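Taking the numbering used here, the leading residue of the sequence shown gets 1, the next gets one more, and so forth.
Hints listed in this document are in silico derivations from the structure and should not be mistaken for laboratory results. Computed from a predicted model, the values in this text were never measured in an experiment. Mixed in with the good hints there might be a few duds.
In silico EDC-like cross-links for lysine to aspartate or glutamate, where the CA-CA straight-line distance does not exceed 16 Å [said to hold, decoys possible]:
#: 1; residue 1: K98; residue 2: E57
#: 2; residue 1: K24; residue 2: E97
#: 3; residue 1: K24; residue 2: D56
#: 4; residue 1: K24; residue 2: E57
#: 5; residue 1: K180; residue 2: E133
#: 6; residue 1: K135; residue 2: D178
#: 7; residue 1: K98; residue 2: D56
#: 8; residue 1: K180; residue 2: D164
#: 9; residue 1: K98; residue 2: E22
Computed Cβ-Cβ distance ranges for the label pairs, DEER-style [claimed, not checked]:
#: 10; residue 1: G40; residue 2: I188; range: 16 to 26 Å
#: 11; residue 1: I188; residue 2: L94; range: 17 to 27 Å
#: 12; residue 1: F4; residue 2: A84; range: 46 to 56 Å
#: 13; residue 1: T124; residue 2: H148; range: 51 to 61 Å
#: 14; residue 1: S95; residue 2: V165; range: 48 to 58 Å
#: 15; residue 1: F192; residue 2: G123; range: 54 to 64 Å
#: 16; residue 1: S118; residue 2: G147; range: 44 to 54 Å
#: 17; residue 1: I60; residue 2: V165; range: 37 to 47 Å
#: 18; residue 1: S114; residue 2: K24; range: 35 to 45 Å
#: 19; residue 1: G123; residue 2: A68; range: 28 to 38 Å
#: 20; residue 1: L94; residue 2: S114; range: 33 to 43 Å
#: 21; residue 1: G123; residue 2: P50; range: 50 to 60 Å
#: 22; residue 1: V48; residue 2: K135; range: 18 to 28 Å
For glycine and all other residues, C-beta sits at the position ideal for the given N, C-alpha and C.
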Amino acid sequence: MNRFLLSITLLLIGAVAVNAQEYKPFKLGLGLGYASPSDGGGGVLFEVEPAYRLSDEIAIGLRLGSAAMARAIGATEGSVSGNASYTVNGQYYLSNEKFRPYVGVGVGVFSLASVSSSVTIGGTTATAAASSESKIGFYPRVGFDLGHFNVNIDYNIIGASSPDVVVTGGTGTVEVDDIKNSYLGVRIGAFFFGGRN
Numbered sequence: 001m002n003r004f005l006l007s008i009t010l011l012l013i014g015a016v017a018v019n020a021q022e023y024k025p026f027k028l029g030l031g032l033g034y035a036s037p038s039d040g041g042g043g044v045l046f047e048v049e050p051a052y053r054l055s056d057e058i059a060i061g062l063r064l065g066s067a068a069m070a071r072a073i074g075a076t077e078g079s080v081s082g083n084a085s086y087t088v089n090g091q092y093y094l095s096n097e098k099f100r101p102y103v104g105v106g107v108g109v110f111s112l113a114s115v116s117s118s119v120t121i122g123g124t125t126a127t128a129a130a131s132s133e134s135k136i137g138f139y140p141r142v143g144f145d146l147g148h149f150n151v152n153i154d155y156n157i158i159g160a161s162s163p164d165v166v167v168t169g170g171t172g173t174v175e176v177d178d179i180k181n182s183y184l185g186v187r188i189g190a191f192f193f194g195g196r197n
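Based on the provided sequences and hints, a complete structural model is requested.
As C-alpha cells, then:
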C-alpha cells in the first residue's frame, strides 16, 4: 500500500514538473476605456480583473466593472446612467511570446441604473423611463497582452429593458422602443503580477 501511494505521489509531482508554467499563475488587471451603447451615445468604463492561469494558455478570472454611459431611448438621447458588472470569464492565449493575443468569453450579472428621456411635440410631452434592474448577460472578447500592458475588446450582450411612458399636456399615442442595454467596451490597461517566471 505504501509503495502504491509513493508511486502515485511521484507521478503527480512529475506531472506538475513537466507542466511547469512559463507565466506566474495570478494576475491583477486594471483598465480604463470607452463604452459604446448599441443604440448610440457613449461613455467611459473602468474595470478590475483578477485572474488565475490554469496553464500558460488558459486563464479564468473575475471582471468587476463600471460604465457611465449616455444611452438612447429609441431616437432620443437619454440620461447618463452608471452600470456595474460582476462576471466570471475565461481566456485562451494564442501565443507564449511577448505579444500574447487571446480570445475569451464571460458571463455574469449586469446591474443597470435607471434611465429616462423626454420629448415634447406640439405641446405634448412624453417621458420614457426605465427603472434600475439587474440582468444576466454575457460577452465574447478579444485582446492582447504586451509585456504588462493590455488591450481588450468586449461586446457585452444584455437583454433590453421596457420603459414606462407618461404623456402630459395633450392627447395621443406615443410609441417608445425598448431600451437596448448591450454595449461595446474597449479598454486599455495594465496588470500586476502574472508576468514571466
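K24 and D56 were given as a pair; does the straight-line alpha-carbon distance stay at or below 16 Å? holds, 9 Å
So if I understand the rule, the pair passes when the alpha-carbon distance is 16 Å or less; does K98 with D56 pass? Holds: K98 and D56 sit about 12 Å apart, inside 16 Å.
G40 and I188, beta-carbon distance inside 16 to 26 Å? holds, 23 Å
Is 54 to 64 Å a correct range for the gap between the Cβ atoms of F192 and G123? holds, 58 Å
Cβ separation of F4 and A84, checked against the hinted range 46 to 56 Å: holds, 52 Å
Between T124 and H148, does the C-beta distance stay in 51 to 61 Å? holds, 56 Å
Is the hinted range of 28 to 38 Å satisfied by the C-beta distance from G123 to A68? Taking Cβ atoms as reference, G123 and A68 lie about 34 Å apart, which means the hint holds.
Measuring from beta carbon to beta carbon, are V48 and K135 in 18 to 28 Å? holds, 21 Å
Do the Cβ positions of L94 and S114 conform to the proposed distance bound of 33 to 43 Å? 41 Å Cβ-Cβ, so the 33 to 43 Å window holds.
So does G123 sit 50 to 60 Å from P50, Cβ to Cβ? holds, 55 Å
Regarding I188 and L94, is the given constraint of 17 to 27 Å on their beta-carbon distance met? Because 20 Å falls inside the window, the suggested range holds.
What's the verdict on K180 and D164, does the C-alpha distance respect the 16 Å limit or exceed it? Since the Cα atoms of K180 and D164 sit roughly 14 Å apart, the hinted pair holds (cutoff 16 Å).
Consistency with the previously given hints is maintained throughout, with no hint failing.
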